[in-house]
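Asker: Just so you know, we're using UniProt numbering here: the sequence shown kicks off at 1 and counts up by one.
A portion of the hints provided could be inaccurate.
Derived pair list, reagent style DSS-like, types lysine-lysine, alpha-carbon separation capped at 25 Å [claimed, not checked]: (1) Lys355 / Lys368; (2) Lys205 / Lys343; (3) Lys219 / Lys355; (4) Lys402 / Lys387; (5) Lys286 / Lys145; (6) Lys402 / Lys254; (7) Lys141 / Lys151; (8) Lys626 / Lys612; (9) Lys176 / Lys355; (10) Lys254 / Lys343; (11) Lys171 / Lys183; (12) Lys277 / Lys355; (13) Lys626 / Lys638; (14) Lys355 / Lys253; (15) Lys113 / Lys141; (16) Lys205 / Lys219; (17) Lys269 / Lys638; (18) Lys355 / Lys145; (19) Lys441 / Lys461.
Quick list of simulated restraints, FRET-style, between CB atoms [unchecked claim]: (20) Asp515 / Glu345: 23 to 33 Å; (21) Lys84 / Lys277: 30 to 40 Å; (22) Val312 / Ser359: 22 to 32 Å; (23) Ile497 / Pro16: 50 to 60 Å.
No wet-lab data here; the hints were simulated from the structure. Predicted, not measured: the structure shown is a model, and the values here were computed from it. We put the beta carbon where it would ideally sit given N, CA and C, even for glycine.
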Amino acid sequence: MGDQIQFIVEKLNQEPFRKNYNLISFDSLESLQLLQLLSDVLGEIDPKVRRALRAFFCLRFIGIFSCLVPYRSAFRQGLVTGSKAVIHPVLHWLLQRTNELRTRAYLARFLVKLEVPAEFLQDDTVADFNKQYEELMEAFKNLHKEHEQLKISGLSTAEIRRDISAMEEEKDQLAKRVERLKKRVETVQNHQRMLEIARQLRLEKEREESLAQQKQEQKSQLFHAEQRLQRAQVQLKEMQHVVADSKPESLMKKLEEEINFNSYLVTEKIPGEMESKKTSVYYLEKVVAEPAMTQADLTALESELDEVNAQVNQLIEKRMITYEPTDSKFSMYRQQASIISRKKEAKAEELQAAKEELSSLERQREQKSSQAHGLEGSEVLTEDEFKQYVSRLRSKNTLYKKKRQEIAEITAEYGILQRTEELLRQRHEAIQQQLQAIEEKKGISGYSYTQEELERVSAVKSEMDEVKGQTLDNMSEMVKKLNAMVTEKKASLAPVIKELRQLRQNCQELTQERDEKKIQYDSCVAGLETNRSALEQEVKGLLEECAQEESNYRYINCMKRTLEIQLQRAKEEMKAYMSPDPQERRRAVREQYTRIILDQENLGKKLREKQKVVRESHGSNMKQMKMWQDFEQLMECKRDCFLKQQSQAAIGQIIQEGGKDRLVL
């Protein structure tokens, strides 16, 4: 919690908030100041929240941002009262994800769908507008995704220029190589005939490769067809086995179980869930419609709630006093029925969840298989398929090279056309200058330009007049159609509005009746819940007592078994010890341990004697070891002296031989 508050304070002291808080001042903020601070943070994320200090607006935007669980009663109550335990985690969550939430707020401005009542959607115009609105929303989603992808993977012009320059260099190198080869070939005799033969050879090789590729494709198709045939045969055998093993009674039983489950869902489970959802929605709408509550309102509601609870407890006590003994006979059956119904609901929910999980897994499997088929990778490539893929890749590579050569030719032609256009433009400018000089000589300079401008203006004026006439005609026709449509819709909606008023009145009466029945139902449920809780407590105590007694019984039983085993072993030991047979006595544990003790005592005596001998000879042994060490050092010294003498004698002999040689010279 301290790390959380420290993070919030650090973020609030930075740009763009600049609050200059410390841990003490931030912790001492009141509820209204915390709400204002939350509103400021939301205002930085979305400027529309700056003027909305009420907790309802903060709750709405927090719900858009998917923060925590904003629609629980405790969360809502804490946000309304400005509780620190609620607002501090919200601030921490918002300040951690400011940039992400700005994007989400921007998208929510366009992607939060407006809910149009069903009665208004019956109008064709409103339905068309709503459909157009949904289409525009989908188009906005796609455009935003494309925009984000372009921002992430934007291509730079420098890279494109580098690629173009590299391609141009490669083109120049290929052109030079072709020129060199042409020059070499021109010196050879009959080069045209040789070129024709080489061309024919290349065509035949390409044809041979294409035939080999077709052969390989046909082999792979045959192999896949055989595999499909084998899989189909296996599936056919499995289906035949299943059909042979299944009986009409088992099939009917499965169908009956499925029908019972579906009927239970339709008649019991789903209506109950719908009623609970409707009541929760009603209470939520009621809470949303109410204004922001203060602390005084909350205390008044709490006191009123305490009074109502006290009245309910009094009524329950009265009912317990006037409880008839005849109804106690059915309490056990009611309890069993309620337990069975709860178990039934739990198992139905588990079954439904398992079915939903199975359907989702099947959808994922179908999606993955469709993706694999779309990518041509539904199966693992075999050796033949890989060879086929390599051959296709080679053919695509040759096609790519051909297309690249065509692009190079088109680029060269484009350069020629640009040069031609430039020459024609220069020629046109020269002719224009000559025409202006002639006009100046004749005294009518600017005549041709003025004539061209007049022709252009007259053409534009005629086009604008036609467009204006068509626009006025279309607008008049549209106004007539709209007026007729409005009158027609008013006439058609008049009886519907009358019926709607009557239905609203009936709805109010039914709602009032339902509220009264709901109050009666709630009071009955409260009484039953108190009885059930008392019985559950009693059953829980009895179960705990039973578990304790069972554990005691098991412990005593285990102790009894261990004592019996020990007693049996003691009897066998006494029998073996008192037996007159020496072999039987030796098997006794006492005799075995006695022998082991004697062996250990003998071993101890031997070790003590050995220790005594070692202690007595320890001094003489140490002296002898010291003498051997000294002797070893003496011998090493002698060896070193002997080696030194030998080396000195060799050096003296060499010096003497050198002196004799000098004397001889």
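Asker: It remains to establish, for every hint, whether it holds in the given structure.
Answerer: Hint-by-hint comparison with the structure:
For the hint pairing Lys355 with Lys368, the CA-to-CA distance comes to about 20 Å; that is within 25 Å, so the pair holds. Distance hint between Lys205 and Lys343 is unfulfilled; the C-alpha atoms sit about 77 Å from each other, more than 25 Å. Note on Lys219 and Lys355: the hinted pairing is violated, with a Cα-Cα distance of about 43 Å set against a maximum of 25 Å. Note on Lys402 and Lys387: the hinted pairing holds, with a Cα-Cα distance of about 23 Å set against a maximum of 25 Å.
Between Lys286 and Lys145 the CA atoms are separated by roughly 39 Å; this puts the pair beyond 25 Å, and the hint is violated. Straight-line distance between C-alpha atoms of Lys402 and Lys254 comes to about 65 Å, which puts the hinted pair past the 25 Å bound. Proposed proximity of Lys141 and Lys151 is supported: the alpha carbons are some 15 Å apart, at most 25 Å. Pair hint Lys626 plus Lys612 holds up; C-alpha atoms about 22 Å apart against a cutoff of 25 Å.
For the proposed pair Lys176 and Lys355, the alpha carbon gap of about 71 Å is over 25 Å, so the pair is violated. Between the alpha carbons of Lys254 and Lys343 the distance comes to roughly 21 Å, so the proposed pair stays at or under 25 Å and holds. Restraint check for Lys171 and Lys183: satisfied, since their Cα atoms lie roughly 19 Å apart, inside the 25 Å limit. A distance of roughly 22 Å separates the Cα atoms of Lys277 and Lys355; the hinted pair therefore holds under the 25 Å criterion.
At roughly 19 Å between alpha-carbon atoms, Lys626 and Lys638 fall within 25 Å of each other, so this suggested pair holds. Between Lys355 and Lys253 the CA atoms are separated by roughly 19 Å; this keeps the pair inside 25 Å, and the hint holds. Our distance criterion of 25 Å between C-alpha atoms is met by Lys113 and Lys141, whose separation comes to about 13 Å. A threshold of 25 Å between alpha carbons decides the hint, and for Lys205 with Lys219 the separation of about 21 Å falls inside it, so the pair holds.
As the CA atoms of Lys269 and Lys638 are separated by approximately 110 Å, the hinted pair breaks the 25 Å bound. Using a Cα cut-off of 25 Å, the hinted pair Lys355 and Lys145 is violated, with the two alpha carbons roughly 34 Å apart. As the CA atoms of Lys441 and Lys461 are separated by approximately 33 Å, the hinted pair breaks the 25 Å bound. Between Asp515 and Glu345, the C-beta spacing of about 26 Å keeps the proposed range 23 to 33 Å intact.
Judged by the Cβ atoms, the range 30 to 40 Å given for Lys84 and Lys277 holds: they are separated by roughly 33 Å. Checked against the hint of 22 to 32 Å, the pair Val312 and Ser359 fails, with Cβ atoms roughly 44 Å apart. Separated by about 52 Å at the C-beta atoms, Ile497 and Pro16 satisfy the suggested range of 50 to 60 Å.
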